[in-house]
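Peer 1: As a plain string of letters, each chain reads:
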Amino acid sequence: MRECIDEGILQSYFDGELSGEKTESVASHLAVCINCARAARELESESLLLSKALEPEFAGPVPTERLRHRLDAAIAGLHVVRPVASDESRVHSWLQSIADLFTLSPQRAFGYAGLAAVIVFAAIFAIVQWRHVPVNNGSGLAGVPKPVSPPPASTQKESLATVTPSPKDKAQSVSIFAPKQPKRTIPGHRVVPNELAARPQVKLLPGERSYLKQIASLDTTIKSESRRPMRPGLQAEYERNLALVDRAIAATRSAAKSNPNDPDAAEFMFAAYQSKVDLLNQVADARLSNRQH
Amino acid sequence: MSGQARALIDSMPDQIATAEPSLSFDEAFTLHHRAVFRTARAVVRDPALAEDVTQEVFLRLYRNLDSTPGDELLRPWLLRVALNVARNTIRGASRSVARDTQYSKEAIGDGWAAPVEDYERRLEIEEARRALDKIKEPMRSCLLLKQQGLSYREIATTLSIKETNVGSLVARGRKQFARVYGKIGGSR
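Chain order of the listed sequences is A and B. If you read the first sequence in our numbering, its first letter stands for residue 1, the second for the next number, and so on. If you read the second sequence in our numbering, its first letter stands for residue 1, the second for the next number, and so on.
Keep in mind that the hints were calculated from the coordinates and are not lab data. Watch out, some of these pointers could steer you wrong.
Straight-line Cα separation of at most 30 Å, DSS-like style, residue types lysine-lysine; simulated pairs [claimed, not checked]:
(1) A:Lys213 / A:Lys223
(2) B:Lys136 / A:Lys52
(3) B:Lys162 / A:Lys52
(4) B:Lys183 / A:Lys213
Bound-form chain B, shown alone (with noise of 0.2 Å):
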């Protein structure tokens, strides 16, 4: 075998890797529609907004098959739309009321522990929520995406930031959470 064909064999699986075929639809659901959904809930905070959230990315992707992005940077993009759907559903509308109330409804229906069990649980979740209201963005984006396990390369490109400032954003957004955190009682 000579140098040249070694040397082409070495390079393969990088370009195998560049190359690699774009995530069918029905592959691109199952891998991803629990990290859009549960975006979504975070941001309008109610499991039926979040439904329509979720199917209008997935649309959106169905739609736009050819031109996004591949599996590496399928995720940040879906997440990205799924951000940008959710804060246009609930902009303009002060239902932040109707919201919790409907959540804890939904909540149960969706198969939560039972309401006895789980009222510990609820107020530490509208605990956190309302201590998460309190950071400005995109802190409080890149905190709820870090903890769905994103890379800060996804989160950067998530949020449209520069990836060495990610780090930053998310100490920052840390200190602050624990903070309210702890004035709201969350940290009993």
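Next up, chain A with everything else stripped away, as it sits in the complex (with noise of 0.2 Å):
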């Protein structure tokens, strides 16, 4: 060899690593090139230094039983999955993943322990909400008043005192004192004793029924001719006045009822059913003559 040596040869060669024919050719070489005999004498050297550094590092104690145990447990570990996983069955490894259900260890114990407050909680909720509902429903079929049930008194009050400017608010006020009023109860709603003991205060005045169905008859009359209607304006004004008259019957009917031995009262109303009987006259007249032309 008479180039010099590579260091990666050289370093094969003191490591033992090249081929008989390779050796003995380095060998050879390095008995006549200084500069490689130098290199290699480094090489010891540096060789000799790495070993002194790194033989600490590798000549620590190896737990060797420790790790033999810890090695036998993870492979006990590893054979307790591997016979369900390979040999046994599938309904045996079903079972089995049932059974391990019921091996309760800390967290799954608690993990059960919450599920079962969990459905404790929703039983006990749903059993509150459950007998909440007959409870309601049963209420409602005692016939207890619903707040939609008008109170027989106010009925009463509202539709001897309330005056409305409609024409079918009129209508309603008058037939209040029709006969047929007791059909006016709400569908369903039984009419109580106490409705019934009420009825009688609504009885009329004497000398009043004679108005009554005269403004009746009138009120039909008018209403007939309901298909042609009338001018805005006179409908305004005639809305207006009998709103004047049905106020001032309730304000006289109530004096009159209150004062039963007073005659003034009683001429006092029925000049105010004479006021809306005139009224009603005017127009259905009013009406009647505006058809035949």
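Join the two chains into one complex using the hints; note that each chain is given alone, in its own frame.
Peer 2: Put into structure tokens, the structure is as follows:
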């Protein structure tokens, strides 16, 4: 070998990794080449340094026994899992997986306890809800007055006192005094004895019935002409006057009712009724004459 | 004896050598657990972590006993797995300080020399490790594996490099180590 030796080859030479032929070649070159001989000496010293430096790293104790125990335990853990996965039938593995649910580890026990608590609370909540619903239904069937059903007394009072401007309301206020009034009860709302007891209070005052009949017939006449609407201006005036008269009737009627022995009070009430009859007559005549034209 | 029969007998040792049955798991552990543990400890620098790595390496051997290479290449296979597992163990976490502290404690507990006597020894280990840290891969692994007595072929197999390059890598790694270690003060 004439050329100087590559550092890799020289390293391999000292590590005994070269073939016999190459080893002889390197040895013969080192014998004649000062540079390579110096490189070889450096290599030897550095290799010695490296070995000394790394010797403590690799001289440390190896915990053979502990490693063996850990490994045996880990392998035993693998064996617990393996037979189920490989050899056993599907049914057996399925049963095994179910059986595993009942082997209570602390975590699993806490999980089951939490699940049971949730189920118990849900059951209690469901029972409470279930009980509340029938109670509400029962109270409805027992005939306890509902907020939608108007109290009888207030109905009567409104019917006597309320005077509204619309013709529909006027007809309502008039028909209150008609014999058909009991039919105005809400469907399904049975008339209780209290209502029956309160009804005689609607008793008509003496002489009032003839006025009411007259008013009812006039009202029917006016309504029969409702296919031909009034002029808007006239309609408004008629409603305004009717409202005034109704209000006067209500006021004088309550006065006559509270003072049955006072002839003046009855007189005022009849005068009010007469005003309404006059008004209705006037309107009915006007509409009849319009139809003839 | 015919010439053919003699030729057959002459060839048998080679066939026996190549067809030699693999080591049993227990034999493999007995022969190689030290090399695996030391290699792992040199990388993770923590005896407890090195035990974890060693256990994982031999568990993998146990699971793949049928497909692992035969006796000749078993040590490179084990050390290759050990290096990978050890690197994965320390990857992503900057735990050098904790590692050194833990290592010192564990080293004492593991039966190293008494603390007072061992102070110089621990200092040497730390200096050698610091010098090794300055050497790039795969030269560093070449030095570690060669120091454990692996052949160039085994080193090449372990690190998946060409066998003809191992000599050069060892030489360059050795030079770098000597230079760095001298600067650190390890060559006092």
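Peer 1: Compare the structure with each hint and give your call.
Peer 2: Hints versus structure:
| no. | hint | result |
| --- | --- | --- |
| 1 | A:Lys213 / A:Lys223 | 15 Å, holds |
| 2 | B:Lys136 / A:Lys52 | 20 Å, holds |
| 3 | B:Lys162 / A:Lys52 | 28 Å, holds |
| 4 | B:Lys183 / A:Lys213 | 131 Å, violated |
In this structure, the one hint that does not hold is number 4.
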